[in-house]
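Asks: Here's the letter readout for the chains.
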Amino acid sequence: MNEFWRTVNRYLTWGDYIVIGLVFLGAAATVSLLRRPVEAGGQWALVRLEGKMVEQLPLTEDREITIIGPAGETVIQVHAGRVRVVESPGPQQVCVRQGWIQKPGEALICVPNRVTIEIPGNSGIDAISR
Amino acid sequence: MPFRSKLTSPYTRSTLPEAWLLKRILFAALLALGIVLYVLEGLFPPLVPVPGAKLGLSNILVLFTMLFLGYGEGILLAVARSILGSFIAGTLLAPGALLSLSGGLVSTLIVALSLRYLRPPLGLVGVSIVGAIAHNVTQLCVAYVLFIQIKGLFYYLPFMLLLGLISGLVTGLIAVYLFERLGRELGLSYNERAIS
Amino acid sequence: MRQTISVLKILALGILALSLVFIYFQGQVAVVQDEKYLLGTYFRIKAQSRSRERAERAVQAAFEEAERLAEEFSRTGAGSLGELNRRGFQEPVKLSEDVITVFEAAQKYRELSHGAFDPTIGKLVDSWGFTQDWDRTGVGRVPSPEVLRPLLEDTRDFSIDLVTKTGQLSSASVEIDFGGIAKGYIVDRVVAILQESDLDNALVDAGGNIRVFNSYPRRVLWWEDRRPFRIAVQHPRDEQKVLGVLAIWEDRALATSGDYQRCFFADVLGNIFPCRYADEPGKTRYHHIIDPKTGMPARGLISVTILAPTAMEADALSTAVFVLGPEKGLELVERLENIECIMVTDERRILKSPGLADINFPTELP
Numbered sequence: 037m038n039e040f041w042r043t044v045n046r047y048l049t050w051g052d053y054i055v056i057g058l059v060f061l062g063a064a065a066t067v068s069l070l071r072r073p074v075e076a077g078g079q080w081a082l083v084r085l086e087g088k089m090v091e092q093l094p095l096t097e098d099r100e101i102t103i104i105g106p107a108g109e110t111v112i113q114v115h116a117g118r119v120r121v122v123e124s125p126g127p128q129q130v131c132v133r134q135g136w137i138q139k140p141g142e143a144l145i146c147v148p149n150r151v152t153i154e155i156p157g158n159s160g161i162d163a164i165s166r
Numbered sequence: 009m010p011f012r013s014k015l016t017s018p019y020t021r022s023t024l025p026e027a028w029l030l031k032r033i034l035f036a037a038l039l040a041l042g043i044v045l046y047v048l049e050g051l052f053p054p055l056v057p058v059p060g061a062k063l064g065l066s067n068i069l070v071l072f073t074m075l076f077l078g079y080g081e082g083i084l085l086a087v088a089r090s091i092l093g094s095f096i097a098g099t100l101l102a103p104g105a106l107l108s109l110s111g112g113l114v115s116t117l118i119v120a121l122s123l124r125y126l127r128p129p130l131g132l133v134g135v136s137i138v139g140a141i142a143h144n145v146t147q148l149c150v151a152y153v154l155f156i157q158i159k160g161l162f163y164y165l166p167f168m169l170l171l172g173l174i175s176g177l178v179t180g181l182i183a184v185y186l187f188e189r190l191g192r193e194l195g196l197s198y199n200e201r202a203i204s
Numbered sequence: 002m003r004q005t006i007s008v009l010k011i012l013a014l015g016i017l018a019l020s021l022v023f024i025y026f027q028g029q030v031a032v033v034q035d036e037k038y039l040l041g042t043y044f045r046i047k048a049q050s051r052s053r054e055r056a057e058r059a060v061q062a063a064f065e066e067a068e069r070l071a072e073e074f075s076r077t078g079a080g081s082l083g084e085l086n087r088r089g090f091q092e093p094v095k096l097s098e099d100v101i102t103v104f105e106a107a108q109k110y111r112e113l114s115h116g117a118f119d120p121t122i123g124k125l126v127d128s129w130g131f132t133q134d135w136d137r138t139g140v141g142r143v144p145s146p147e148v149l150r151p152l153l154e155d156t157r158d159f160s161i162d163l164v165t166k167t168g169q170l171s172s173a174s175v176e177i178d179f180g181g182i183a184k185g186y187i188v189d190r191v192v193a194i195l196q197e198s199d200l201d202n203a204l205v206d207a208g209g210n211i212r213v214f215n216s217y218p219r220r221v222l223w224w225e226d227r228r229p230f231r232i233a234v235q236h237p238r239d240e241q242k243v244l245g246v247l248a249i250w251e252d253r254a255l256a257t258s259g260d261y262q263r264c265f266f267a268d269v270l271g272n273i274f275p276c277r278y279a280d281e282p283g284k285t286r287y288h289h290i291i292d293p294k295t296g297m298p299a300r301g302l303i304s305v306t307i308l309a310p311t312a313m314e315a316d317a318l319s320t321a322v323f324v325l326g327p328e329k330g331l332e333l334v335e336r337l338e339n340i341e342c343i344m345v346t347d348e349r350r351i352l353k354s355p356g357l358a359d360i361n362f363p364t365e366l367p
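Chains as they are written, first to last, in my numbering: chain E, 37 to 166; chain B, 9 to 204; chain Y, 2 to 367.
Be aware that a few hints might be false.
[To be verified] In silico lysine-lysine, DSSO-like type, Cα no more than 30 Å apart, as pairs:
| # | chain 1 | residue 1 | chain 2 | residue 2 |
| --- | --- | --- | --- | --- |
| 1 | E | Lys139 | Y | Lys294 |
| 2 | Y | Lys353 | Y | Lys329 |
| 3 | Y | Lys37 | E | Lys139 |
| 4 | E | Lys88 | Y | Lys37 |
| 5 | E | Lys139 | E | Lys88 |
[To be verified] Chain B regions said to be covered by chain E (calculated; three or more residues, Cβ under 8 Å):
| # | segment |
| --- | --- |
| 6 | 65-77 |
| 7 | 83-96 |
[Stated by the list, open to error] Which chain B residues stay away from chain E? Per the calculated CB distances, all over 10 Å, these:
| # | residue |
| --- | --- |
| 8 | Ala27 |
| 9 | Leu30 |
| 10 | Leu41 |
| 11 | Leu51 |
| 12 | Val114 |
| 13 | Ile141 |
| 14 | Thr146 |
No lab work stands behind these hints, which were simulated from the structure alone.
Where a beta carbon is used, it is the ideal one built from N, C-alpha and C, also for glycine.
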């Protein structure tokens with residue numbers, strides 16, 4: 037083992053060790069710099085009415101909006117980085133029962149009122165055969 | 009060509025008339041070897057399932073050329089190696105070729121500069137780490153500018169840095185070991201400043 | 002030294018010129034995605050192309066075609082199918098090219114499945130309330146045997162004259178419902194338009210009736226990564242879950258028929274409850290896939306997903322296999338070439354056709 041380290045030390049100068057250290061520091065710094073915005077926000081929920089974009093909701097901002105569609109009012113709530121539909125017309129209440137969504141690729145679809153809410157991004161799945 | 013400057017140099021011409029020829033032959037052999045390594049490396053499945061995770065063994069030859077034949081020759085070898093190598097591998101017109109060519113060029117220039125100006129403090133290992141990282145980071149930037157304007161591309165950056173570290177370390181250590189042996193055989197010391 | 006620099010200059014210029022050539026040939030990749038509400042579902046098209054303009058034009062043309070066809074295949078609309086349903090049992094009605102094509106295909110699947118797939122059951126489906134009523138109220142009704150009996154006893158048939166391009170229905174009990182095939186046909190037509198537009202790849206999703214083509218050679222960084230389209234299959238008893246994900250590399254279509262898509266629950270007292278994914282204890286589920294022989298919702302399976310070369314085949318066969326049940330359905334799928342299926346029985350077992358044997362799906366519904 038000593039033999040090994042002696043060889044390594046002969047091969048590496050002190051400058052090399054500094055370079056290696058700097059690379060580790062740089063990697064750690066980029067990780068911490070790049071990871072933060074993803075958690076903190078910069079994410080949006082896109083609200084569409086009949087396929088046309090009507091609203092972009094930043095997930096960082098708690099608020100409630102009402103969309104008026106062909107069947108009535110759909111109330112959308114953003115809270116703590118998540119979105120849900122509080123109220124929407126329609127017999128099945130599918131999008132209300134679906135609850136909160138927060139991950140990229142997730143979507144709420146209120147078919148009767150033609151409202152869709154989508155967090156853009158790649159969930160790894162292109163489509164669901166349902 | 010860079011060789012002509014040696015040819016017209018009275019020193020080399022008068023004392024070692026066959027030296028420039030020897031260099032030329034050596035350069036051709038190194039280039040051939042470099043292309044072979046470059047193509048062979050592209051044939052193997054990547055060791056790690058991450059794009060760009062190549063060892064870059066042919067960079068040892070670039071280092072060797074820079075140290076023993078001169079910086080100009082080293083840069084020429086690197087450029088010729090990547091163009092001819094990707095031509096032979098059939099990837100010259102593939103979408104990724106521009107990325108790997110630009111990465112190769114920038115990293116070769118940086119390696120040349122750091123060999124010239126940063127070595128004593130750095131050794132060959134440090135220089136090849138710097139080169140490998142320059143290669144990866146350049147590719148990332150070119151990809152961002154030319155192809156995919158997604159900030160998410162830079163999530164690769166830490167991986168690129170660490171992969172550059174690993175491949176630079178491995179090639180650098182091989183280079184030191186090799187050049188010591190070669191230097192002993194050829195009666196040259198790799199620590200000598202290159203002549204160009 | 003001077004020569005060295007000039008050589009480097011020439012090299013740099015050469016590389017610059019080369020890069021310009023590369024940029025010209027490669028351009029950028031644009032993904033255009035749009036959705037519209039058609040035929041009772043969201044119709045989504047996602048197209049990738051080197052040219053954004055081309056992709057946008059293709060998607061727009063595709064939606065125009067889809068809208069036109071949606072009208073054409075509406076059971077009661079102004080198209081030729083609506084016309085046939087209104088007066089087809091009295092006199093021959095002129096049909097459009099598209100309707101004739103689907104009629105021919107419907108006839109083929111009707112014979113292949115020995116009547117399990119049958120487009121003539123419009124009135125049966127109506128009597129369960131799974132059409133306009135369901136869209137409005139979200140619940141259907143259980144029809145009395147007196148309502149069903151005449152519809153079942155009449156010979157329900159249609160005849161198509163390919164020369165005069167007309168169609169006729171055999172009796173007043175017949176109403177043509179292309180619910181189990183038209184969506185697939187529209188998806189195929191839309192894909193054909195996208196394919197003509199020279200796109201890199203595209204995905205068309207009509208409410209779970211999916212077709213993809215030319216799976217990506219997509220570029221990520223320097224390495225050309227051929228990524229398959231990843232398409233999930235819905236879990237039939239939990240809306241939030243999927244059964245598994247299929248990686249689709251080639252041009253393929255998928256369609257799912259499930260008893261959760263349009264359904265309602267009824268308890269012993271005759272109270273009606275809206276459709277849910279999960280079963281409700283003490284209540285019976287009635288769904289929209291009606292067995293043409295009995296007039297009742299088909300039993301035995303709760304979900305069928307078909308993989309086929311075209312969306313029309315997938316759409317029609319998913320309905321047919323659902324009605325046939327696990328054994329006969331699997332037999333039909335095995336008899337046909339290029340068709341694979343995944344089905345979930347009412348005992349929550351997941352069955353796959355032999356071609357999907359190596360695909361990682363659970364064998365029991367989780």
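Asks: Within a Cα-Cα threshold of 30 Å, do Lys353(Y) and Lys329(Y) meet the stated pairing?
Replies: 13 Å, holds
Asks: Hey, is Leu41(B) genuinely clear of chain E, shortest beta carbon separation above 10 Å?
Replies: The claim holds: Leu41(B) sits with its nearest Cβ about 23 Å from chain E, beyond 10 Å.
Asks: Given the hint that Lys37(Y) pairs with Lys139(E), test it: the Cα-Cα distance must not exceed 30 Å.
Replies: Distance of about 23 Å is within 30 Å: holds.
Asks: For Leu51(B), is the shortest CB-to-CB distance to chain E above 10 Å, so the non-interface label stands?
Replies: Answer for Leu51(B): holds, closest chain E Cβ roughly 28 Å.
Asks: Taking the shortest Cβ-to-Cβ distance between Ile141(B) and chain E, state whether it exceeds 10 Å.
Replies: The assertion about Ile141(B) is violated, with a minimum of 7 Å to chain E.
Asks: Are the Cα positions of Lys139(E) and Lys294(Y) separated by 30 Å at most?
Replies: Given that 30 Å is the threshold and the Cα spacing comes to 45 Å, the pair is violated.
Asks: Does Lys88(E) pair with Lys37(Y) here, judged by a C-alpha cut-off of 30 Å?
Replies: Given that 30 Å is the threshold and the Cα spacing comes to 9 Å, the pair holds.
Asks: Is the nearest CB of chain E more than 10 Å from the CB of Ala27(B)?
Replies: Per Cβ check, Ala27(B) is outside 10 Å of chain E; nearest 30 Å; holds.
Asks: Decide, holds or violated, for the assertion that all CB atoms of chain E are farther than 10 Å from the CB of Thr146(B).
Replies: 15 Å, holds
Asks: Checking C-beta pairs, does the segment 65-77 of chain B have three or more residues closer than 8 Å to chain E?
Replies: Coverage by chain E is violated for the segment 65-77 of chain B (0 residues, Cβ < 8 Å).
Asks: Holds or violated: Lys139(E) and Lys88(E), Cα atoms, limit 30 Å.
Replies: It holds: about 22 Å lies between the C-alpha atoms, which stays within 30 Å.
Asks: Leu30(B): least C-beta distance to chain E exceeds 10 Å?
Replies: 29 Å, holds
Of the numbered hints stated above, those contradicted by the structure are hints 1, 6, 7 and 13, listed in ascending order.
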